[in-house]
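Participant: What follows is the residue order along each chain.
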Amino acid sequence: MEKKRYERPTLRKMNTGLMNKFGSKSENTPVTHIENNSVKSLLKEYGSPLFVISERQIRRNMRNASRIFKTRYPKVQFAWSYKTNYLDAVCQIFHQEGSWAEVVSGFEYDKALKNGVPGNQIIFNGPDKTDEQLLLAARNNSLIHIDHYDELYTLIRLSEEHRMRPRVAIRINMDTGIYPKWDRFGFNFENGQAWNALTRILNSQWLELVGLHCHIGTFMLSPAAYATAARNLCELAWSVKERFGKMVDYIDLGGGFPSTNTLKGAYLPGTDTVPSIDQFADAITDVILGYGFRPEELPLLILESGRALIDDAGYLLGTVLATKRLSDGRRATILDFGINSLFTAFWYEHKVSPAQLHSRQTEETVLYGPLCMNIDMVRENIVMPLLEKGNQVVVHQVGAYNMTQWMQFITLRPAIVLIDEENNTHIIRRPETMEYIDSLEQLPQHLKQDV
Amino acid sequence: MRIRKNIAVSEEGFLFNPTTGDSFSTNSTGALIIRLLKQDKTLPEIASELCDEYDADRLLVERDLEEFASLLKEYSVLD
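Quick mapping for you: the protein sequence lines, in order, are chains C and H.
Numbering-wise (my numbering), the first sequence opens with residue 1230 and increments by one.
Numbering-wise (my numbering), the second sequence opens with residue 24 and increments by one.
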């Protein structure tokens, strides 16, 4: 007789009291495949843990966002936010879909050039640009977004010294009614600083003002805030036109659109609360179209969306290392990845699914990572099937920021695999090795030992 | 290691402790263990029976059994 499938014994104390009318959904539907590739075979071939990126989903997201904006406004350009995920393969997919590059450091700028992005399609943001990087960007005819007065005056000096006239915009911060106000970047709108900076640029023969830029925050849940931002930029563009007789080429609303991940502390899941891209598009384009510009002078609308275009294209696969019971009776499950790989576990209640069939029994558990640190927690409390050592799990919506903000702490970073549109797998970043880490280190002669 | 005499256990794995008023639910593996404990079986004997019944590794079963027994003790289900 065939033996029954084993499941470890559970004992759950029944509690009486008021029920939560919203309930809580258990994540016990197994995710055994990602686009026809079995999780088991992926982990066997590439090792555990493993990041997996879906090319199909990236293209779907990009085309969807592009369609939403372009059906509402005549001139739209997306610029891929490199900091969100600057794997070459990922960047190339976005560039193939027509995105420019939006970079925030010299390193990212060089990466965009290496990816073959024409210099005039690179937007150079951020507060840290060296003289050499500013010169390079100016010579490449890139769009330099000035962050502060020191940068503005450096650029004027460099332009005069090198007889150049770089194309520039300024980043503008403002009160859009959301907290926290990101006033550490750019020039302030309300106190007149932004207008003063614009006046300084427009009075300089060495700089060409081509645009206005803002980036009001991250994981923004309020389309109305974008309407405010768009209105303020339009007001500045109008003033520039009135006072200096020049219409800016573009208005850049930055990024910050949310994915449907669930923020920590949120009462309801992100899928129920996050506004759609259509709502953001309505808020932005209604303002610009209704501001009063003539049709031929409507500025190009640039969007630097990152997270909303890639989060749901990324998965993190991993394996259960152990389960245990904590002193207060709670179940704890230890996974082979933690905050070192899944940095966004600091912000989100990530959805985690089992990768194999289980019985209908579920239990509440803490999901810990493997690091020898108390803060290494993937989920503080999640209802999962009865996991055991060797079981595999899938973390959803990890495409944004994890593969740029991950840490090489006490272990090596895992491989990243891309599933193409024909469901073939390609390794796009090899797992790190001891040799790779060691290659950067140097041991002074007096510390060397004869082995 | 015995189940307290006054603990009511249903076939489906529902436990009621009249002394504390606590109720518990368990899965089929837990229900089988409790049934075997009621028959005064020792932990090694129970582990053998579980391995006969289920497709499971003996070491894994012993580990789970150890943990389950400590949980029963903690909830005053065992003497």
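Heads up, a few of these hints could be off.
Here are the computed lysine to aspartate or glutamate pairs in the DMTMM-like style, where the Cα-Cα straight-line distance is at most 25 Å [claimed, not checked]:
| no. | chain 1 | residue 1 | chain 2 | residue 2 |
| --- | --- | --- | --- | --- |
| 1 | C | 1242 | H | 75 |
| 2 | C | 1232 | H | 76 |
| 3 | C | 1470 | H | 76 |
| 4 | C | 1553 | H | 97 |
| 5 | C | 1553 | C | 1471 |
| 6 | C | 1618 | H | 72 |
| 7 | C | 1242 | H | 34 |
Pair ranges (Cβ atoms, derived) [as the list claims (entries may be wrong)]:
| no. | chain 1 | residue 1 | chain 2 | residue 2 | range |
| --- | --- | --- | --- | --- | --- |
| 8 | H | 58 | C | 1258 | 29 to 39 Å |
| 9 | H | 81 | C | 1508 | 53 to 63 Å |
| 10 | C | 1408 | H | 58 | 27 to 37 Å |
| 11 | C | 1233 | H | 24 | 34 to 44 Å |
| 12 | C | 1269 | H | 43 | 52 to 62 Å |
| 13 | H | 42 | C | 1269 | 42 to 52 Å |
| 14 | C | 1269 | H | 45 | 38 to 48 Å |
| 15 | H | 24 | C | 1270 | 38 to 48 Å |
| 16 | H | 81 | C | 1408 | 22 to 32 Å |
| 17 | C | 1292 | H | 45 | 54 to 64 Å |
| 18 | C | 1453 | H | 45 | 43 to 53 Å |
Calculated from the structure, these hints are not laboratory results.
C-beta: ideal position from N, C-alpha, C; glycine also.
Participant: Kindly indicate which numbered hints from before are broken by the structure, ordering the numbers from low to high.
Facilitator: 1, 3, 5, 10, 11, 12, 16
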